[in-house]
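Engineer: Below are the chains, spelled out letter by letter.
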Amino acid sequence: MKKGKTGILLGALALLAVMGYSLANRSSAAPAEPFAVRPGHTAGDFSIKLFSGGKFTLSEQRGKVTVVNFWASWCAPCREEAPLLEQAWQKYKDQGVILAGVNVWDKDQDARSFIERYGLTFANGPDSAETIAVDYGVTGLPETWFIKGDGKLARRWIGALSGRQVSTFIEEALR
Amino acid sequence: MIAMRDFLVAILIAASLTVISVTQAIAGGPVVPGDQEVRQIAENLVCPICNGQSVADSNSQLAQDMRVVIRKKVEAGESRDQIMGYFVDRYGEGILRAPQNSGFNQVLWWLPALGLLIGAGFSVIMARRWNANRRAFLPVESGSIGMTGEEQERYHQQLEQALRHDS
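Just so you know, the protein sequences line up as chains P and G, in that order. Under the numbering used here, the first residue of the first sequence carries the number 344, and numbering increases by one thereafter. Under the numbering used here, the first residue of the second sequence carries the number 252, and numbering increases by one thereafter.
The following block holds chain P by itself, in its conformation from the complex (with noise of 0.2 Å):
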């Protein structure tokens, strides 16, 4: 009776243990990135119709550093960062960089009077097929791909950009 009770303690603390170390070390390392999200991946190709007339498509934008970003106008943050995204366009718009805003749940006549409002020249226009901020795993408003002239991600931002990080991360890529 002794050594099944032994046995029994035994085993309970075998498994703590394996359960202990498992979960240390799922917790210790950060959570990787989805894979399609990750830095290095190549961005989905997507097209979008212009509110301003023509389209862009993002596979004819090879060997150009591309900035996605994705807004709508009902979206504070968006609204904070909208200034700094046309001040890094007027910058680096003769340096290989193409920025490009992707609107979506918002309503046409909103998304043209923030156009308006902020006074953007980028290419803008809706996600009209409801598809391509689920193929960039979109969580939230606003959100930025910095993806380089292969085509390959170089870094993803949630989260409103301050001017500096817009500098920094355009940079990054065109390295």
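The hints are simulated quantities; they were obtained by calculation from the structure and are not laboratory data. The C-beta atom is built at its ideal place from N, Cα and C for all residues, glycine as well. Any given hint could be a false lead.
[As the list claims (entries may be wrong)] Not everything, but these chain P residues come out facing chain G in the computed CB check (under 7 Å):
no., residue
1, Pro377
2, Phe378
3, Pro382
4, Gly480
5, Thr482
6, Ile501
7, Ala503
[Claimed, not checked] In the SDA-like style, the derived pairs of lysine to any residue whose C-alpha atoms are separated by at most 20 Å in a straight line are:
no., chain 1, residue 1, chain 2, residue 2
8, G, Lys323, G, Arg290
9, P, Lys348, G, Lys324
10, P, Lys348, G, Arg290
11, P, Lys348, G, Ser311
12, P, Lys450, G, Asn310
13, P, Lys348, G, Asn384
14, P, Lys495, P, Ser402
15, G, Lys323, P, Gly387
16, P, Lys348, G, Lys323
17, P, Lys348, G, Asn310
18, P, Lys495, G, Tyr337
19, G, Lys323, P, Phe389
20, G, Lys324, P, Ala472
21, P, Lys348, G, Val319
22, G, Lys324, P, Lys495
23, P, Lys348, G, Ala371
24, P, Lys450, G, Phe373
25, G, Lys324, P, Ala379
26, G, Lys324, P, Phe389
27, G, Lys324, P, Ser471
28, P, Lys348, G, Ala378
29, P, Lys348, G, Arg379
30, P, Lys450, G, Val319
31, G, Lys324, G, Gly285
32, G, Lys323, P, Gly494
33, P, Lys348, G, Phe373
34, P, Lys348, G, Tyr337
35, P, Lys450, G, Gly285
36, P, Lys348, G, Ile369
37, G, Lys324, P, Asp478
38, P, Lys348, G, Gly370
39, P, Lys407, P, Gly494
40, P, Lys348, G, Gly285
With chain P fixed as given, assemble chain G onto it according to the hints.
Structural biologist: Frame of chain P; chain G shown alone:
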């Protein structure tokens, strides 16, 4: 009278429930081929921004977009595994309602059964031990400790000798 009243109330409730069910079925609209599969896949995905709601049940715009993507992939002939894998690649394994049965997650699948077995085994051991202890304290009746008649006779003679010796 009371029985009749109860009967009528029961009929009224049953009729109301029937009307509600039929109305909902009609309001659901025509069933599009692939609806069932889209719904089943969406039910197995957690909306990333909706506090535990499934993609099937959430009214958020992201969930709506996800359902659009699921439908397009179903119509394109992609398998359930491929579609689920697509979402895991973009949102991580946390988007699955049930953890995948691989790696450390296997523990989540077999641990409850193992726990039940251990608990049952422990209960059996404790019950047997309790019974054994209980028997040890029960008053001993003649023959209850399993001695033959001859052994009992010898035991009684030894007992009497010991008592006579003490006195």
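Engineer: Would you check whether Ala503 of chain P satisfies its interface hint, that is, whether its CB is within less than 7 Å of any CB in chain G?
Structural biologist: violated (17 Å)
Engineer: With a cut-off of 20 Å on the C-alpha distance, tell me whether Lys324 of chain G and Phe389 of chain P pass.
Structural biologist: Judged against 20 Å, a Cα distance of about 16 Å means the pair holds.
Engineer: CA of Lys324 of chain G to CA of Lys495 of chain P, is that 20 Å or under?
Structural biologist: violated (24 Å)
Engineer: Between Lys348 of chain P and Val319 of chain G, is the straight-line Cα distance small enough, at 20 Å or below?
Structural biologist: Between Lys348 of chain P and Val319 of chain G the Cα gap is close to 57 Å, so the pair fails against 20 Å, i.e. violated.
Engineer: Would the pair Lys348 of chain P and Ser311 of chain G pass a check requiring their Cα atoms to be no farther apart than 20 Å?
Structural biologist: violated (54 Å)
Engineer: Measure nothing beyond the straight line between the CA atoms of Lys495 of chain P and Tyr337 of chain G; if it is 20 Å or shorter, mark the hint as holding.
Structural biologist: Measuring from Cα to Cα gives roughly 18 Å; hence the hint holds.
Engineer: Under 7 Å, Cβ to Cβ, is where Pro382 of chain P needs to be relative to chain G, so tell me if that hint holds or is violated.
Structural biologist: violated (15 Å)
Engineer: Would the hint linking Lys348 of chain P and Asn384 of chain G be met if the CA-CA limit is 20 Å?
Structural biologist: holds (16 Å)
Engineer: Run the distance test for Lys450 of chain P versus Gly285 of chain G: straight-line Cα separation, threshold 20 Å.
Structural biologist: violated (29 Å)
Engineer: If you draw a straight line from the CA of Lys450 of chain P to the CA of Val319 of chain G, is it 20 Å or shorter?
Structural biologist: holds (18 Å)
Engineer: Checking hints one by one. Is Phe378 of chain P an interface residue toward chain G, by the C-beta closer than 7 Å rule?
Structural biologist: holds (5 Å)
Engineer: Are the Cα positions of Lys348 of chain P and Gly285 of chain G separated by 20 Å at most?
Structural biologist: The hint is violated at about 56 Å.
The structure fails hints 3, 6, 7, 9, 10, 11, 16, 17, 21, 22, 24, 32, 34, 35, 40 (numbered hints given earlier, in ascending order).
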